[in-house]
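Asker: What follows is the residue order along each chain.
There are 2 protein chains.
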Amino acid sequence: MTYCVGMRLDDGLVFMSDTRTNAGVDNVFTFRKLFTWSTPGERLIVLQTAGNLATTQAVVSLLNERMKAPEDRNPSILEVPTMFQVAKLVGDTLREVVRSQTAKGPTADSTFSATIIVGGQIAGSEPRLFLIYPEGNFIEASDENPYFQIGEAKYGRPILLRGYAPDLAFPDAVKLLFLSFESTLKANLSVGMPLDFLVYEDGSFSDDRQKRITADDPYFRDLSVKWGEAIRIAIASLPDVEL
Amino acid sequence: MTYCVGMRLDDGLVFMSDTRTNAGVDNVFTFRKLFTWSTPGERLIVLQTAGNLATTQAVVSLLNERMKAPEDRNPSILEVPTMFQVAKLVGDTLREVVRSQTAKGPTADSTFSATIIVGGQIAGSEPRLFLIYPEGNFIEASDENPYFQIGEAKYGRPILLRGYAPDLAFPDAVKLLFLSFESTLKANLSVGMPLDFLVYEDGSFSDDRQKRITADDPYFRDLSVKWGEAIRIAIASLPDVEL
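Chains as they are written, first to last, in the working numbering: chain Y, 985 to 1227; chain X, 985 to 1227.
The shape of chain Y in the complex, shown without the other chains (with noise of 0.2 Å):
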């Protein structure tokens, strides 16, 4: 399994990833799930995936030959128009790898499908943030839906519920992202430290602000004891049930 959120705030985007992949609970192993292409001053597209890894590494493979192979027929992430465009194109790309594995060579109980999250930037319109399925097609957050998750989504779903605001600063979104992703490391084996994130601040068209967190990360370790704390003193601090 795997935890990924994009999160769409008024300052830009923010992305978190696990790095954990697993078959059964054999096989566990670190792998970056978190991808970046980007032009400075021009655009920046992020890339986040979920489900099985050799279709998500072979579309990461592809839109990266195909960027350096101006020749080949499909467009390139670094030039497509719009964000709408790289969306179409990720997905096209997906239901390519998910045909061609499913239709040649040796079946498997998996069903080779992936989930994609993609966010970013083009010069001339406002960060996008979309969520890609298995089939190709796509939706993208609104207002109502300004985040998407992928993989083991619920246990950390209900703290987003209640934290999320779209006003939230960056320091506080990725807060809120921490432990999201806390509560759902205590609860499952098949998401794991290290967590990658990113930050993106509208206009910047740049993919510096990122980092890895690994599991002896100090601010994580306290985050997680604090929280536990927290969290009892909230508990504590509602009203008595009258039994």
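Think of the hints as simulated: they come from the structure by calculation, not from any bench.
As the list makes no split between identical chains, a pair holds if one copy fits it or if it spans any two.
Keeping only pairs whose Cα atoms sit at most 25 Å apart, straight-line, the calculated DMTMM-like set for lysine to aspartate or glutamate is:
(1) K1170 / E1124
(2) K1170 / D1156
(3) K1195 / D1224
(4) K1210 / E1128
(5) K1210 / D1156
(6) K1170 / E1128
(7) K1170 / D1224
(8) K1170 / E1226
(9) K1072 / D1186
(10) K1210 / E1226
(11) K1195 / D1156
(12) K1195 / E1226
(13) K1210 / D1224
(14) K1170 / E1213
(15) K1170 / D1151
(16) K1210 / D1180
(17) K1170 / D1127
All of these numbers come straight from a predicted model, not from anything done at the bench.
The hints should help you fit chain X onto chain Y, whose structure is shown.
Answerer: Frame of chain Y, contents of chain X only:
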């Protein structure tokens, strides 16, 4: 879907269940999922059900019928000597119902399966709590695993992991369960109000302390609002991220 929790505490047991049943998004009904049997001064048995409604109703009906027809070869839930035997009786009855529904008549997409929590106390022994799988086998709660969740368990799990302690007083445990249910209700349509809960005090052999909380219950509504505020205060109290 469904959400039920059975919890073991130093002082006794606490049970909470939602009441929504549905087939897809249709056929939405309210059905009780918390059942009790008692012999005052001697035993109290609580059962919570998740899964196929026809199966769980058949299990409860069979347990009731056999209690009233002592000539039946099966033992009565009010006569077996230990909670372990109660769990075995419920497990056997569940296995029998699932097998009979699977073997005859038209098949369905549904598997007819169900999961059951059984808890209670029989004079001469401690209160005990069991989780019964669809196959009829079961496990018992322990100090390491003092509560069981069945149905839509993920949304409400992080708060239980954070808030549970064996020495919680009953009002605090019920409050914690309300918060776990509140998180689930907010995120999932298949779990719905009203909620039934029962507090069982060690040695009381009574089901007196049970209550139904409806959607317009002023305490529950107030708790939901105040919990939102308390969570935001808790988040704000945590150390800031340096970006």
